[in-house]
Amino acid sequence: MNRRSSCTALATVLWLAGCVNTSVEQLRQSPPGAALSTGESVVVLGRSQQGEYRTEGGFTQCVADRLDGPDLPVTPAQTFNDRLFPWFEPRTAPQNVDDLRRLLDDPLISQRLQQNPVRYLVWVDGTTRDTDSGGSMGCAVGPGGGGCLGFAWWEKNAAFEASVWDVTRAAEVGRVSVDASGTSYMPAVIVPVPLLARTEAAACSGLGDQLRELLVPDS
Amino acid sequence: MNGTVARPGAYRPTDAGRSRSGAGRLFLVAVAGLLVTGCGTTPVAPEATLPVPVVAEQGGRIALAITAEFRQRRHTDDDWDIGLGEPVEATFQRTLDALYRDVRVTDTQDASGVDLIVVPTWEDAQISGPGRSHTEFHEAWLHFDVRLLDGEGAQVDRWPIRAYGRSRDRLLGDNEAVAEAVERALRDAATALILKLRRQSIAGGRTEEALP
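Going down the list, the sequences are from chains B and S.
If you count the first sequence from 1, position 161 lands on 161 in this note's numbering, and the numbers rise without skipping.
If you count the second sequence from 1, position 159 lands on 159 in this note's numbering, and the numbers rise without skipping.
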């Protein structure tokens, strides 16, 4: 291994060096339906509510990317929301399958859904929070240059739950929850070196893999 | 019906797939801050981009009363100069166009020749960014008072609209993030307007009685 490769490998190890603990739980509430028919798709939506509560769009996009594949095509959330505007907005989105049934009773909405059939709605609800932090680091810049000195750490927790609805049966298929905690470190001797814990990415992959297992058991 | 399709992909993927460190982010923001120091107030022009609502069109001749003061409304603070009046007017008009067959915009509350007048007035508009709220979001709150007048100019109903939108901040794209927060608030305002007018119609309330 030459010197350049060694440096690259070292940098990669350092970048991944934060640690994450992840637990994932799955609750299957009804047997999964048949495989998706041609043209059917899945939509991953972030749970929002009237007011200011919003599940982070970046996380739901990550889960959607994780699910998307030839056996499980995913319709982008924005496309779905635009197509059914204003019935999946924060102040109008169905909160449970009874709300969904009422929504589907409207012939205009039902007809619009049938034009681009969505078989499963995946509602993702949750957040990533900074739970703790410590250490100290100082940086200074002078005529001769600059640099940092110190050590800082911080901890994040990502807790999300996904609820899966079968639109054709207007029934809840199951739920998957994930809880991931990770601690990142940043020592600094002239140059800060981030040792990041990929907490949200771990939660996303855990949730996405379990959802895929729920929706495509043979995958 | 006069709706337009919203820009695709308005919800942009952000940090999923990579962790964001508080200290690392602070360092990058500090560097960016040094680069842009002294820029002053930035003009922002949000756009009224609404999808075509999935609602049944109703009959009736509707007027949307927009005053010059309403149309010229701006939000100005130390960071932003945001034109709000025109995109809000366009949002209200497109929403009414989807709901009613005959919609006109007027600058008076003269009821002659119409069955219902929708009269929105500004109550408040607030914009907040990460620097103020200590969050990772730009946020917009748009508050209106909406009055409905019948064909004789008498008030038949009145309700508030409290619209909210937010978008994640971007290291070198704050203008777009602020505009996007306002555009999401406009979308929320349109949703509220549709719900109010549709519920009144479904309930057979006074609004429907004002229509032919």
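Worth flagging that the hints you see were computed from the coordinates, not collected in a lab.
There could be a bad hint or two in this list.
[Said to hold, decoys possible] For the chain S half of the interface with chain B, some residues (derived, Cβ under 10 Å), not all of them:
no., residue
1, PRO53
2, TRP141
3, ALA192
[Claimed, not checked] Stretches of chain B that chain S covers, calculated by requiring three or more beta carbons in the stretch to come under 8 Å of a beta carbon on chain S:
no., stretch
4, 83-93
5, 105-119
[Said to hold, decoys possible] Listed below are several chain S residues computed to face chain B (Cβ distance under 10 Å; list not exhaustive):
no., residue
6, ALA56
7, ASP79
8, TRP80
9, ALA90
10, VAL119
Backbone N, C-alpha and C define an ideal beta-carbon position, used for all residues, glycine too.
Evaluation of the provided hints:
1. PRO53: Since chain B brings a Cβ to about 5 Å from PRO53(S), closer than 10 Å, the hint holds.
2. TRP141: 9 Å, holds
3. ALA192: Holds, because the Cβ-Cβ distance from ALA192(S) to chain B comes to roughly 7 Å (cut-off 10 Å).
4. 83-93: Holds: 9 residues of the stretch 83-93 of chain B have a Cβ under 8 Å from chain S.
5. 105-119: Held - the stretch 105-119 of chain B has 3 residues with a Cβ nearer than 8 Å to chain S, which meets the minimum of three.
6. ALA56: 6 Å, holds
7. ASP79: Violated. Min distance 21 Å.
8. TRP80: 20 Å, violated
9. ALA90: 16 Å, violated
10. VAL119: 22 Å, violated
Against the hints set out earlier in the document, violations occur for numbers 7, 8, 9 and 10.
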